[in-house]
Structures are given as C-alpha cells and as structure tokens.
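**Q** Each chain, letter by letter, is given below.
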Amino acid sequence: MNLKELIVEDRFGGVFRVHRSAFTSAEVALLERANIFQRCWLYLGHDSEIAGNCDFITRAVGGRELIFNRDRAGAVHAFLNTCPHRGAMVVREKKGNALSFRCFYHGWSFNVNGRFASRFDEGNYGKEHYGGGCADLAQVPRLESYRDFWFVNFDRNAVPLSDYLAGAKEYIDLVADQNEAGMEVVGSGQQYIINANWKLLAENSIDAFHGFPVHSTYFDYLKTLGALRMESTGSNFTASGMHDLGNGHAVIEYASPWGRPIARWVPSMGEDKRPVIAALREGLIKRFGEQRGTRMSEFSRNMLIFPNLVINDIMAITIRTFMPAAPNKMTVSAWALGSRGEDHDLRKLRLFNFLEFLGPGGFATPDDQEALENCQRGYQNLREVGWNDISKGMPRQGPPMNDDEEQMRCFWRQWRDRIGAVS
Amino acid sequence: MRRNDTAALRGRIEDFLYLEADLLDEWKIEEWFALFAEGATYEVPPTGTDEHDPATSLFYIADDYVRLRERVVRLTKKEAHSEFPRSQQRHMISNVRVTGLADGVADVSCNFVTYRAKRGVVDTYYGKHLYRIDVNAEPFRIKSKRSVLAMDMLYPGKLTIII
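Protein sequences, first through last, are from chains A and E.
By the numbering used here, the letter at position 77 of the first sequence is numbered 77, and the numbering carries on one by one without gaps.
By the numbering used here, the letter at position 130 of the second sequence is numbered 130, and the numbering carries on one by one without gaps.
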C-alpha cells in the first residue's frame with residue numbers, strides 16, 4: 001500500500017478524497033500508533049483532576065497505562081504505570097490520594113515523586129537500586145501543560161507543546177478565560193465505546209454539515225422547550241466560519257442556536273436565571289471588551305486538536321478524547337468543564353444543558369455514534385466503493401464556511417504527512 | 001407493617017414493574033411514560049463511581065419530567081437515528097425489595113439485566129433500579145427512577161433505550 005495515495009487532493013478540480021482503507025486497515029492502525037500516537041502531543045488530563053497534593057488518577061493514553069499525579073510538593077507527574085521490577089501495574093485504582101505507591105505483586109514501593117522507596121536488607125539489592133534511578137517509576141518522556149490542560153508526548157524530541165498547539169492556544173484561552181478563578185472538570189465524566197474507527201469521531205466532532213440532518217430531533221426538542229434562539233447577537237461581531245489552526249488542528253465558530261450557561265440565556269433556563277447570566281456576560285465584557293466578551297458569551301466553537309482531543313464549547317463545554325482499540329473500535333472519554341467555584345444552581349444548569357445534547361444518553365450524541373458505526377459498516381464495501389468525499393467548499397471564493405469540510409481536510413493533510421513519514 | 005402486608009405490597013409492586021418492563025420490551029413507550037407521576041425524574045448516574053448528585057457530577061442521563069417526556073417523543077420519531085430501525089429489547093428484573101414506605105411512597109430496589117439487539121450486535125446493560133413509587137395512586141405512579149449501572153464503563157456505547 002502506498003500510504004500517500006490514500007488521500008487524493010485536486011485543488012483545481014475541487015476534489016478531496018480519502019480511501020476507506022484508512023479506516024479499516026490493520027497496517028494503517030500500526031502506522032498510526034508509531035507515527036501519530038507516539039509522536040504527537042496527547043491529552044492526559046486537566047489540572048483540576050489532581051487538585052490536591054498527593055492526588056492521583058490512572059488513565060490509558062496513547063496505548064500506555066499512565067499515572068497522572070501531584071506529589072507532596074505539588075509538582076505534577078505522569079508515570080508509566082508499570083513496576084520497574086516485574087511489570088505489574090503499580091496503581092490499580094481509578095483515582096485517589098496516597099502518600100506512596102506500592103506494587104502489590106512483590107511489594108516494591110515508590111514515593112509519589114516516583115522514587116524507589118523500599119528498603120530491603122543488605123544483600124538483596126545493590127546500591128544502584130537506591131541511587132541510580134533504575135528502580136524508580138519511569139516518567140513519560142515529555143509532560144507539559146497549557147492553561148491547565150496537561151499533555152504527554154512519548155517522543156523525547158517532540159517540539160514544545162506550545163509550538164505544537166499553535167493557533168489552538170487562542171481557542172483554549174477562550175475556554176480557560178471564562179472564569180477568573182479558572183475552570184475545573186466536573187465529576188468523573190463518561191467512558192464509552194464506539195464501534196468505529198477513531199478518525200470518524202475526529203471528523204464528526206468538528207462537522208457542522210451533519211448538524212441538521214442528524215440532529216433534527218434535538219432541534220425539535222429545543223423548539224418545543226423554547227430553548228432555540230436563532231436571532232443574531234446585536235453586536236457587530238459576525239465571525240462564523242472555520243479556522244485552520246496549524247499542525248492539523250482546526251476550529252469552527254458560529255452563532256449559537258442554543259443556550260450557553262456562560263453566558264447566553266434562553267427562555268427554557270427560566271426568568272430567574274436571566275439576570276444571573278446577564279451578569280456573567282457583563283463580567284466577560286468588562287474583562288475582555290465588547291467584542292471578545294460577546295464572542296465568548298454568544299458563539300459556539302468546536303475544536304479538534306490533532307490527533308484526538310476535542311474541546312467543544314457549545315451548549316456546555318466538553319473535553320473529549322478517544323483512542324483506537326482496533327481499526328473498527330475506539331474508547332471515548334468525555335468530561336464536562338465548568339467554572340471553579342461555580343454557583344450551585346448554575347452548575348446544575350450547566351450539567352443539565354450538557355446532557356440535553358451530549359453523551360451516550362443525550363438527544364444528539366447517540367445519533368452521531370449511529371452514523372459513525374454505519375460508516376464503519378459501510379466500509380465493508382470498500383473494494384467496490386473505495387473513497388470518502390471530503391470536498392465540500394473547495395471551490396468557494398473567500399473564507400471557508402463552518403459547514404464546509406475544510407476543517408476535516410486540515411486533519412487529513414496532517415494525517416497524510418505524518419502517516420507517510422519514515423518512522 | 002406486618003410481614004404479610006409487606007409481601008402483598010411487594011407482590012403488587014412486582015406486578016407493576018413487570019408491566020413496566022413489558023411496555024418497554026414492546027416499544028409502548030408513551031404508555032410507559034404514563035406510568036410516571038408529574039414531576040418525576042429519570043436518571044442514570046456515571047459508571048464506576050459512587051457519585052450520586054446530578055447537580056454536582058456528570059451523569060449519563062438526568063431528566064426532569066419535561067425532558068423525560070421529550071425523550072419519549074424523540075424516540076417515537078424515525079429521525080432518532082440510533083433507534084431506527086428500532087432495536088429489540090428484553091428487560092429482566094429480579095431481587096425486588098421494598099426498602100422503605102412512608103406517606104404512601106415506597107422505596108424499591110431491584111436488579112436488572114436489559115438486552116438490546118440491533119444489526120447483529122447484542123448490548124447488555126445490568127445494574128440496579130432504585131424507584132420511588134406512589135403506591136396510593138391507582139394505578140401506581142413512579143415518582144423517580146434511577147438506574148445504577150453495575151458496569152465500570154459504558155461498554156454498549158449508547159443509552160438510547162430506556163434500560
């Protein structure tokens with residue numbers, strides 16, 4: 001297979017195609033592991049998930065089992081969750097708070113900064129076990145954060161996270177700036193399986209084209225409740241489109257049809273919430289000026305950070321990451337992000353808003369899952385019908401629209417450049 | 001309450017829960033919704049945790065009465081794509097216990113296994129239902145239903161049917 005030929009781009013003809021074997025091939029999946037998941041910055045977790053000293057969580061990222069924790073001095077670590085002795089996973093709980101970690105297999109112990117902490121009688125182990133680091137928990141090669149979003153990279157020579165994120169930083173700022181005291185992950189989030197290739201969710205998460213055909217029942221629901229507000233903002237800010245953020249990242253931004261707990265009121269939220277949400281909006285405008293404040297309040301943004309992180313600031317804020325388990329199967333983790341110290345009623349409203357659309361029990365996400373799984377099934381016909389068409393908007397003069405497919409083309413160009421690289 | 005009374009009440013509640021299960025099995029979803037009292041709630045908490053307040057942690061489902069009604073309305077449409085064509089379901093209930101009774105409202109818990117079949121894939125959901133049931137009403141009315149999955153993640157991926 002010539003990997004570069006999996007993608008055909010004809011700018012003059014206005015055609016962009018992706019071969020469906022990119023979604024089905026085990027060979028492609030192996031190359032993705034080597035050239036994408038071992039080379040790109042991957043989302044690990046949010047700072048608020050390990051808010052206190054000695055807090056830890058365990059998480060699978062990039063095909064690895066990791067410990068994400070804060071040590072006694074408050075420093076953040078990401079360790080490979082495997083005992084340097086014989087390999088057992090050292091931490092088996094999902095989360096907790098501990099002064100040390102102890103492997104249950106033979107009892108090797110570690111301080112929460114990763115240092116080997118067992119003391120055996122003389123004759124059992126040489127000095128290098130204690131001083132040389134060979135018995136310490138192994139750190140991931142690179143761990144860096146931006147605005148409380150922590151990322152790992154398994155490539156020691158990767159560019160700094162800040163360079164990698166490129167234009168995505170501006171859009172992370174639009175989320176992180178929503179509360180002066182910072183943002184936090186609310187609860188444990190949702191973990192589920194989709195029987196489809198992971199790239200189908202990457203595409204879907206920033207795809208406005210499918211919105212009305214797939215989610216008509218969601219929009220019907222908004223209409224019934226009086227939660228659909230389509231009128232314009234009254235501001236002169238009219239940006240509604242798509243931005244190539246570099247390195248395969250892309251965002252779509254558009255006027256919201258739905259309510260936003262921060263800070264766009266709709267009638268279904270109730271009259272009592274109206275002044276509260278107006279005050280939030282005033283606060284944002286005061287801090288950031290009319291244009292940026294209104295943009296943060298009114299507009300929705302769906303962002304994909306290559307390869308597998310979605311930050312959608314829509315009727316609620318969701319952080320979503322997904323990993324291939326097989327060419328036709330992915331595991332998805334999704335969290336709700338809210339303001340730190342948020343008022344109880346607003347937090348409740350935020351979570352209520354999240355669930356009306358998002359997640360396996362929402363009024364929209366399950367239909368996305370159905371679409372993705374149907375695509376994956378449809379790819380069984382790839383010998384006869386081999387290509388996906390991702391051309392929408394190519395002949396357009398001027399900037400792309402948010403319901404064009406340029407954002408997916410950004411993803412696929414990056415994918416092509418990385419998958420075809422010599423590993 | 002005397003032992004015989006408890007057993008009799010449990011028997012009536014079991015009949016009621018079997019009726020509920022049958023309505024869901026047969027996709028009589030509007031009739032199912034009619035089993036709920038006005039103001040009722042329907043919830044599915046997150047898996048693998050003991051988080052129990054939808055105001056402070058992210059559930060899978062946290063419907064008030066209006067959203068539950070709209071969930072049912074949605075499921076009657078063929079544009080609810082995840083249930084078109086409709087899946088087939090079977091709801092199994094066991095270990096029914098009446099754990100409290102006050103002011104005509106019974107606290108009821110039971111184990112459940114729900115199977116959902118579609119396009120050659122069988123999804124299995126299992127856990128415990130926690131109900132508050134108005135047993136003075138005739139017929140009984142559900143005041144709240146919480147389905148606590150005994151799964152550490154949502155393996156079936158979707159929660160489109162009422163488990």
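One or more hints might be untrue.
For lysine to any residue, the following SDA-like pairs were computed, each having C-alpha atoms within a straight-line distance of at most 25 Å [what the hints assert, rightly or not]:
| # | chain 1 | residue 1 | chain 2 | residue 2 |
| --- | --- | --- | --- | --- |
| 1 | A | K94 | E | G127 |
| 2 | E | K28 | E | R132 |
| 3 | E | K78 | A | A208 |
| 4 | E | K28 | A | V185 |
Note that these hints are calculated values from the structure, not bench results.
Treat the numbers as computed from the prediction; the structure is a model and nothing was measured.
**Q** Does each hint hold? Answer for all of them.
**A** Status of the hints after comparison with the structure:
1. K94(A) to G127(E): This hinted pair holds, its Cα atoms lying about 20 Å apart.
2. K28(E) to R132(E): holds, 22 Å
3. K78(E) to A208(A): holds, 21 Å
4. K28(E) to V185(A): violated, 38 Å
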